[in-house]
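Student: Join these two chains into a complex; the hints should help.
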Amino acid sequence: MSAQPSPAITPASDPTLKKPLLRVEKLVKHFPAGGGLFARNVVHAVDGVDLAIAPGETLGLVGESGCGKSTLGRVIVRLQPATSGQIFFKDTDLTRVRGEKLRRLRQQIQMIFQDPYASLNPRMTVGDIVAEPLRNFGVARGRKAEQRVQEVMRVVGLNPNFVNRYPHEFSGGQRQRIGIARALVLNPTFIVADEPVSALDVSIQAQIVNLMEDLQAKFNLTFLFIAHDLSVVRHISDRIAVMYLGKIVEIGPSGSIRDKPLHPYTKVLQSSVPVPDPDLEAVRKPILLKGEIPSPVNPPSACRFHTRCPIAQPICSEVEPPLEMKENGRFAACHFAGQL
Amino acid sequence: MTAVDGISFEIDRGEIVGIVGESGSGKTMTALSLLRLIPEPGRITGGRILYGEKDIAQMTDEEIREFRGNEVAMIFQDPMTSLNPVLRVGFQVEEAMAAHARFTRQQSRDRVLPMLQRVRIPAAKERVRDYPHQFSGGMRQRAMIAMGVSNEPSLLIADEPTTALDVTVQASIIELLRDLSRELRASVILITHNMALVASLCNRVIVMYAGRIVEEGPTRAIFKNPQHPYTWSLLRSMPRVDEVEKERLISIKGLPPDLGRMPPGCKFHPRCKFKVDRCLTEEPPLGEVDPGQLARCWVLMKNIQNPEAEAQR
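Protein chains in written order, with our numbering: chain B, 1025 to 1364; chain V, 14 to 326.
Keep in mind that the hints were calculated from the coordinates and are not lab data. Even for Gly, the Cβ is constructed at its ideal location relative to N, Cα and C. Hints may be right or wrong, so weigh each one.
Stated by the list, open to error - Stretch-level coverage of chain V by chain B, calculated; a stretch enters the list once three of its residues show a Cβ under 8 Å from a Cβ in chain B:
no. : stretch
1   : 178-188
2   : 191-198
3   : 243-254
Pulled out of the complex, with its shape left as it was, chain V reads as follows (with noise of 0.2 Å):
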């Protein structure tokens, strides 16, 4: 089962990268493969992982090590899952800086109560001492980011990053992440099935459907001028909350296909509204719209006319 096929990308330093994409888009898996991370049986079967001049997938293990925990750090959607319920918070900050040999152990235990007050965690001195369960989620995922920061990585990697939290918790987290990539200068790679939280953070927006991107681009022209016709239908599927005019969401048909039985083609045909007789066939290739906007579609939203109408029939 191919999960993940032909993904080409690249980040600049201090860029805020958006993958958006639905459940079993392949967007985790993408994020996961620059780590090295893919659960077993996966694995990558091809291509490179360029950061900088080094190919993560030839790295030895002892490599990949250093550079997980120096260069890249990850947050994930459930920031209980991923701290150890039976050690304190700030202890557990100190083991994210101590394993990796960037500071010693007295480093790293001056370090943690500067991280926690550095990622917003109210009352930081009071709380180093708390157990995970003691804090919120929302305090948990500021934890998370802590130890995630606390090397000073260049790369951060955040995966639904907010997705279990409250939408005023949310609106706090996507700041602290903001503020960190500047302070920083590191890169921020966000994954998500939320389109409105890419354009608030994003410089740069890539559309994954089935293992594929289907359109990549900044985050302006990917908004204002979508070419995909699955970019297009998603902007329009979900509701506004400073919506005026009640209009009728654009639903999107069907399912997207199953990873073991792939569609020919294009693999958005069977749900597409605006398709071809050619995108049965033949799969189009991830070509350029505009400068820096690639999509991969052999119609392109610009030739439709009146392409409100056709969707709603």
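The shape of chain B in the complex, shown without the other chains (with noise of 0.2 Å):
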């Protein structure tokens, strides 16, 4: 059932994706650590990374603290400059362009943030936050702005007679609802969200993730959803990718993924999240990982997942296996794919 690996394709040439809208190729993001001018250390954040997203779809991006899901979201929008490989949008190279041509490419790229309250100026009205980026991509300004504003106010469910308001006379939920109207109001076609539910109670993160389809529906939007819970990723994504210390392990699409995860860690974080059913809780085993994750600053050779896999081999800490596509559309970086 498993298809010829070929070493050649990568999920940035994955193809059972038509056109992708956006491909990342050989990401490499580092920083350097303890600070300093003449730091020798980097952090390795994100690590060769290649991944590809269709128009239209939801790739949800999921891992733990610290894997560097969140610097590959602000690298791929350009808030910091990538170390190497390229970032392709629409076939146009967003770490080359620069001027006029990245200034027209950046309106159609927006973000949407996890703390709705850090992401809001507190001396802006609403109506001036949401209308910003119009005025600073000179895309509408006066009475047309306004008109806008109020547009995208009602299309995402706040009261467009709240413009004069200010970020703290409103919830957390509908804080979220600004930064979501003030990501729509340029018309964007790519949307990347970090955690954009996981700072709201319960009640309120349903609000918003019904809100985020809604809207994907309404505007044909491509979102990145990133997030460290797997069962919120799972729901709103088509596909799914999981990082590890800098890596993509899996990617793929997300029922495949959570009826037979490939990678070992794909499964143990899978295991670790429990279910509101105490039945299937009372027989659920999760598969805990021995140690601590490892410092991005040094990480593991080879796979750097074997210091920790419950399956890893001699050949794991001596060979890195490549993110290759084991089934159509299935990529796992592992040399025991779907063996745990």
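Tutor: So, in structure tokens, the structure goes:
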């Protein structure tokens, strides 16, 4: 049932995706460790990532703290420069374009942040916050900008009469709606959402998740949805990428990963998440990992998961397994994929 | 302002009870009041808290100190703010024992390493002399648990003990709590917003909303047959990792009420999709709906024909 693995195919050239909107190739982001101009060590935050996202789909990016998922999102929207590698958005390499061309592309790429309080300027009114991208990109001003702001506020479920209020007058869920309105105001095609619901109460999370699904259907949006919570990622994503210590270890359709994770880390992650059903919980056996997550300053050799992997063999510390296609549209970086 | 209003519940020896609710529901205040740790200017204005035969609300300062140290232990969400950053972890565990009369200084010292091993801190012998910042989040939480259980308490209160931790670490901390409660024959109160954790660990569930208990019962009954619309909706508002058919999440419109501006009648009625006229004016009592299961609702979910369709309206 498994297709012939071909080393040439990467998730960036996934043959199951037609005309990707975004393609990331060999993306690397290193930070100097310990600070200082002459710091010798580097944090390998993102260390050679390949992926592609098809128009209109949601790719979920999941991993635990420090795995590099947020950094990857920020580099893709160019909030931070890449150390090396390429990011193609509709065939234009975002790491190379400058000036006017970059500005035009940037209008189509927006970001939603985790903490809707920290990401909204407390001294600006909601109307000004949502209108700011319109002014920055010279798209609209005056009456026209006002109309657009009110329209977007309605779309995200905010009362347009609240334009003159300040962020602190809103609840967490409403603030997240403001952040979404700001991301939508320029009519983008691609949105990176970094933990958009993890700061919210459970009952409010569902409101925002439903809103994002509605908006996607209405405006044909493409999402990169970054979160640590596999349940939320599973629900909203068509495909899922699992990250560990700066690398994607598995990527594929959400349903087939649920039914049969190929990478041991995916399996561990999945087994660790409790479900709201006492009967299933009584029989669930989480696979417990030994040790702690290694430092991204000095990641383990070859397969980075080998120090904690329940099925590691000597080869795992000697030869790095490539992220190769194991089945149609399913990639895993493991010498013993599917064996845990 | 009333944060917690008329809460009554009992916990048996060895039982693991979950108190679930969202921010502001009063779940943490309820737990803090059990230890008389409510922050100023808050106070307990009525009611009794019986531990065996003793009323905690009436204890002298000396008695409550002994009670906190010897009978009850509390574990908080963020272990970094509960540990002293300038003292070695081993010393802090020793202090937790020496502060109370049960063990002598020498006994306390001798028990440190076994305690750290008992909470499964790897290479405990080498790590006794580490400072908290040298520990990972999960290990700090283990150290906190070691301090908590070092006096062999009969009640362990864990307030969002895994919320700040990664899910693989959470799994091992939950296993540890389960094993310790069995070994110590201690009761556990797990305070959490995470219904799935409750399903995993607890025998009984108390659901809180707006400072009240809205539903209470055996875990299985609450998950299979919730009767309060809030419990019912909460269970359907969270996505599941084992989800097969993608279904739209049931969202609960609006927000929990402001404690200073409570609505009349049932406190959940402004957000409830199943309300009837009576809910707007008259607060329902916490009544028995099944043996051992209580719900504070005039309607009850068993009386709704097609709740899913109605909730998505």
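Student: When I compare C-beta atoms, does the stretch 191-198 of chain V have three or more residues closer than 8 Å to chain B?
Tutor: violated (count 0)
Student: At least three residues with a C-beta closer than 8 Å to a C-beta of chain B: is that true for the stretch 243-254 of chain V?
Tutor: holds (count 8)
Student: Given as covered by chain B, does the stretch 178-188 of chain V meet the bar of three residues or more with CB within less than 8 Å?
Tutor: holds (count 8)
The structure fails to meet hint 2 from the earlier list, while all remaining hints are met.
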